[in-house]
Every structure is written in structure tokens, then in C-alpha cells.
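Asks: In case you want the letters, here they are:
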Amino acid sequence: MDDLIVKTITRLIIPFIQLYGIFIILHGHLSPGGGFSGGAILGASIVLYSLSFGLEKASKKLSHETSSIIETAGILWYIVLGLVGIFMRGFFLTNRGAGFPMGEAGGVISSGMIALITLGIGAKVASTMITLFHTIIKED
Amino acid sequence: MKKIFFMIVLAGLLVLLITSVMEMPGIGSIDNPAYNEVTRYYVENAVKDSNAPNIIAAIITDYRAFDTLGETTVLFTSIAAVISVLSLGHHHKEHNNTDEKVEKHHG
Amino acid sequence: MELIISIIEHINYIAAAALFVIGLYTVLTHSNLLKKVIGINIMETSIFLFFVSIGYVSGGSSPIITLGEKQIFINPVPSALILTGIVVAVSITAYSLSLIIRLHETYGTIDMDEIMALRGEKS
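Residue numbers (this note's numbering), protein chains in the order written: chain R, 1 to 140; chain B, 1001 to 1107; chain A, 2001 to 2123.
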């Protein structure tokens, strides 16, 4: 849609939405939120961009193949983190028995596998929202 | 006519559900059967086992990480299903358009 | 009097049952395919409400441990189970909407009575 007010406000407000989404993903083990809600907020910001500026300009910023690659990378990252536990003589998907750095309770870099899994889940949910929207809207 | 029949049957279902729900212990009481020893273990030992103050994040990524792997697979499967259904229709439309253009050129 | 007190104590479960019946009526009555998808979403929302309000403990706080104090927390296990359920609901809605797009391309309408009449003529 070609509306001047929507375009101006969208251009001003999208960095704040993305900053809020990245904050929720990074502090997934300290405050309420976690991977799923942070990923949904990031995906919603890109959907807002492609709604107000048209589909061609949004495809130039984040093409279809890039979001497909990010999505498959998310699930492969999860499986690699699980296999680290088997290589270190533990079980599949362990945290303390596989030698991840634990840190102290309450810091940002702490608690081993939890922060890495949260990053993977956030990226995967965001790219799922973007790919679904572009596939349903495309008409050629 | 059909709507009134549906409404009577669904009103009967609503009465059945409400009389079953009133038998449960009230909201907020601490002696309902869902607050058992598994929950007490999770609440007391989450910080010791994984150094994370958020108990729900510790449950879904440390104690029960296998269920989260299954849910990630469900997300991936939905993307694969949507792409396979929608791109098949778009390819059919393109083939029909090129066939019509070839016929107009020859005829 | 005890009946009114008992109703106020169980108000979340009664609302979940009412939402379920409303969603089921929407699926059965309307003949437009999009309204049926919305009815399925309403039924899923009622089940999420029922599950999460099982875990409430009166006087408890949200399950984030602040070091040094001893509090009563609510039950975190039903909330952790429902996170997976919400994602499954979103996936089912996305797939059924893509099937509706394909139906519209083939038959030209989204009304279920007209689609069944057209299929009855062809065979």
C-alpha cells in the first residue's frame, strides 16, 4: 500500500522493535520470555516492513533463499549441540555433564547450553514467520 | 431448523461439561493433584542444576530439551508442507500460460 | 449462596467450557471455509486457558528466582507444556489456509455448499 504516514512511521519505529526482540532473546534465561516470543517479535518486524513497502523491496533486503538457509541452520545447530554431549561421554542433550561453561547464576553469559539453544530457537521462529508470509503473498 | 437442533445438542454438551468441571478443586488451592513431587523438585533444584533463575527456561531447554526438539521439527514440517502445496499451483498456471502463447503464435 | 461462591472459585474452567462450545457451534453452522478455521482456533484457545489456569497458586509469584528470598511460586510445568501446543496450533492454521488458497484457484469459490454441488455435477 502507498501511504505516506505509514511509510514514515514504519521507518522510524522498526529499529526499536528489533532491539526489543533481540533483548528478549538474549535474556531468555534471566527474565520471562525465551526463544519463542523473541523470535515472533523479530519476525513481526520484517512482516511490517514488507506490508508497508511492498514485496519487491522486502525481497531485496531478505531474500527467499536467505531465510530458508537460516531456518535449516537453526535446526541443525540444535542437533549439533545435542551431539556434543555424546562426544564428551555423556547422554544426548546434557548440560552440565558435557562440559559447557556454567558461569555464575544471574549473569548474561552463564548456564551453558541454555543461552545457545535460545538463540537457535529465536532465529528459527523468526525465519519461519518470514518464509510463510512471503510464500502465501507471492503471486507469480 | 438445523440451527435450533444444533443449539439444543450443544446446550446439553455445555451442561455436561460444567457439571464435570465443578467437581475439581478450586482455583489457587495448593492441594490439587498437579502440584506433586516433580514440581517441588523443579522449583527447589533448578538454580543448583543449571544456574538459570528462570525456571520455565530451565525446564524447556535443560530438563525436557527433547520435547523442544520435537516441536522444532513440527515448525520445519509446516514450512515444507506449505511450500509444496503452493508452488505446485503456481507452476501449473505458468505451464498453461506458455501453452496458450504457443498456440496463438502458430494459429 | 454456596453455589455462587463455588461458581466464583471455578470461573476460569467455566469460561473455558463456554469458549469450547462457542467454537464448536461456529465450525458446525457456517458454510464459509474461513469461518471454520477461525472456529478451530477458538477451540484451541479454550484448551490453552483450561490448562494454564490449573497451575495457579493463590499468593504465588511468577517463577523467576531472585536470590536471597524464599517465596511461593506458581506451578511451572503446565506453562512449559502449553508452549509446544501453541506452536502446533500456528502450524495447523498455516497449512489449512494454504489449502483454502488452492481450493479457490480450482473451484472459484470458498463456500462449502457450492463446492460440494460442483463436485456432484462433475462425477
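Keep in mind that a hint or two might mislead.
What the hints assert, rightly or not - Here are the simulated lysine-lysine pairs, PhoX-like style, with alpha carbons at most 25 Å apart: (1) B:1048 <-> A:2036; (2) R:57 <-> R:138; (3) R:7 <-> R:57; (4) R:60 <-> R:7; (5) A:2070 <-> B:1002; (6) R:138 <-> A:2070; (7) R:7 <-> R:61; (8) B:1003 <-> A:2070; (9) R:61 <-> R:138; (10) R:138 <-> R:60; (11) A:2036 <-> B:1003; (12) R:138 <-> R:7; (13) A:2035 <-> B:1048.
Claimed, not checked - Just some of the chain A residues that point at chain R, by a computed CB distance under 10 Å: (14) 2086; (15) 2087; (16) 2088; (17) 2094; (18) 2098.
These are calculated hints, taken from the structure and not from any lab test. Just so it is clear, CB atoms sit at the ideal spot from N, CA and C, and this is done for glycine as well.
Asks: A separate judgement is required for each hint: does it hold in the structure or not?
Replies: Outcome of the hint check:
1. B:1048 <-> A:2036: Roughly 48 Å between the alpha carbons, so the hint for residue 1048 of chain B and residue 2036 of chain A is violated.
2. R:57 <-> R:138: Roughly 13 Å separates the two Cα atoms, so the pair holds.
3. R:7 <-> R:57: Holds - the C-alpha atoms of residue 57 of chain R and residue 7 of chain R are around 13 Å apart, at most 25 Å.
4. R:60 <-> R:7: holds (17 Å)
5. A:2070 <-> B:1002: violated (58 Å)
6. R:138 <-> A:2070: Outside the cut-off at roughly 54 Å; violated.
7. R:7 <-> R:61: holds (16 Å)
8. B:1003 <-> A:2070: violated (56 Å)
9. R:61 <-> R:138: Holds, because 16 Å separates the two Cα atoms, which is no more than 25 Å.
10. R:138 <-> R:60: holds (14 Å)
11. A:2036 <-> B:1003: holds (16 Å)
12. R:138 <-> R:7: The hint holds at about 21 Å.
13. A:2035 <-> B:1048: violated (49 Å)
14. 2086: holds (8 Å)
15. 2087: holds (7 Å)
16. 2088: Result: violated, 12 Å to nearest chain R Cβ.
17. 2094: Holds: closest Cβ of chain R sits about 5 Å from residue 2094 of chain A, inside 10 Å.
18. 2098: holds (7 Å)
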